[in-house]
Amino acid sequence: MSMSDQLDPAALKKRLKALEAQAKEAQSTIDELKSRDSLKTQFLSNISHDLRTPLAAIITHAEILRDGMLGELNTKQRESVRGIVNGGQQLLDMIDEILTYVRSEGDQIKLARTEFSVTEVVDQVRMLNQPLAAKKNLTIERLNGDDLPPVYADRDKLRHVLGNLIGNAIKFTPDGGRIWISLSPRGRNGEELLVEVGDNGRGIARDHHELVFREFAQVDASPSRPHHGTGLGLAIARRLVELHDGTIWVDSELGKGSRFFFTVPLDAPRE
Amino acid sequence: MAARILIVEDSTLVTDAFRILFTETGYDVDVAATVAEAIERGTANTADIMLLDLSLPDGSGLEVLEALRERGVPPRATLAMTGHDDAKTRRTCLDAGCSEVLLKPLPIGDLLRHIQRHLG
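These protein sequence lines map, in sequence, to chains A and H. Sequential numbering from 1 applies to the first sequence in this note's numbering. Sequential numbering from 1001 applies to the second sequence in this note's numbering.
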């Protein structure tokens, strides 16, 4: 192309037009994809919601039978009905996880901040998980955190994050293992709180450290994997931590346990 | 006389299960699947406890409570049943006069305890 071609106003105009048309096309593709994505999100939200109702009925009927309200069951019958209740409950937890995820993606989650002690929330979650841990002979200790300043954050959301991390630790730590929680102020002026949930379980290979926080990702996604779940737990945890302007990450090596960390700002402006 | 429970819920799967549960535990059970039906049932027979689903085919469950209060026949206690455990839903229900907001489904033992507490 010669100099005169480039400066030819007619040619320039033509090229400009072509570029504008391309930009328009790209924009319409983006719009189309966005609209499809939001339809999918809506579908996921509706289907999860609609799955809950019949499942709730199944669980209630099974509990009525289990508790002998319609006549005493023999041991084998009771055992079987317990299986229905437990299986139903597990399914319900998974559906709830999908719903939470969809809401957090659709920006439907708003933080309800109050001032509270993270230490207290940690102890609550520990208590709640104690029976599950006891089944595997695991200990869950809180190493420190008795004299921390309160945080200004969403209590339920942080409880959810802690519940997820401790739940995972229980799931992936073999019998007799150890789980700990450590809380410490961090930053030059202690402007954030660093929370660690550690375990001496199976650990996560280095190249999977990013993957575990990605939605629907599971390190072992094969149908025969020993641990089932939605693969959404840590993606939700990350989303909830980020809503608080915090960060979440993992430090781990295969066979050497995992240490999950997240931060919560201690200096969040009070409303 | 047995305490009367009005179950306001549009899923017959759920109301069938609740009907068995509450009949077997000695309550009088009434069921309504819509706002209109619930207002009618609740007016005809004042309930001791109303279990209230928030999303009904013809409106919000809270409209039922509002109408029954206006007519001077509110239940002794209204327990809202919701699938969303968020602070906003909770506040809206309590502001509307619900005694409690329960996340459904909850284990039947817990549900029965909540009901007994409000009757006690």
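For the record, the hints were derived by calculation from the structure and aren't laboratory data. Warning: the hint list may mix true and false statements.
[Unchecked claim] Examples of chain H residues toward chain A, derived with CB under 8 Å:
(1) Phe1018
(2) Val1029
(3) Pro1074
(4) Ile1108
All C-beta atoms, glycine included, are put in the ideal place defined by N, C-alpha and C.
Hint-by-hint comparison with the structure:
1. A least Cβ separation of about 7 Å between phenylalanine 1018 of chain H and chain A falls short of the 8 Å threshold, and the interface hint therefore holds.
2. A least Cβ separation of about 14 Å between valine 1029 of chain H and chain A goes past the 8 Å threshold, and the interface hint is therefore violated.
3. For the restraint placing proline 1074 of chain H at the interface with chain A, the shortest Cβ-Cβ distance is roughly 26 Å, beyond the 8 Å limit, so the hint is violated.
4. A cut of 8 Å between beta carbons decides the hint on isoleucine 1108 of chain H: the least distance to chain A is about 5 Å, and the hint holds.
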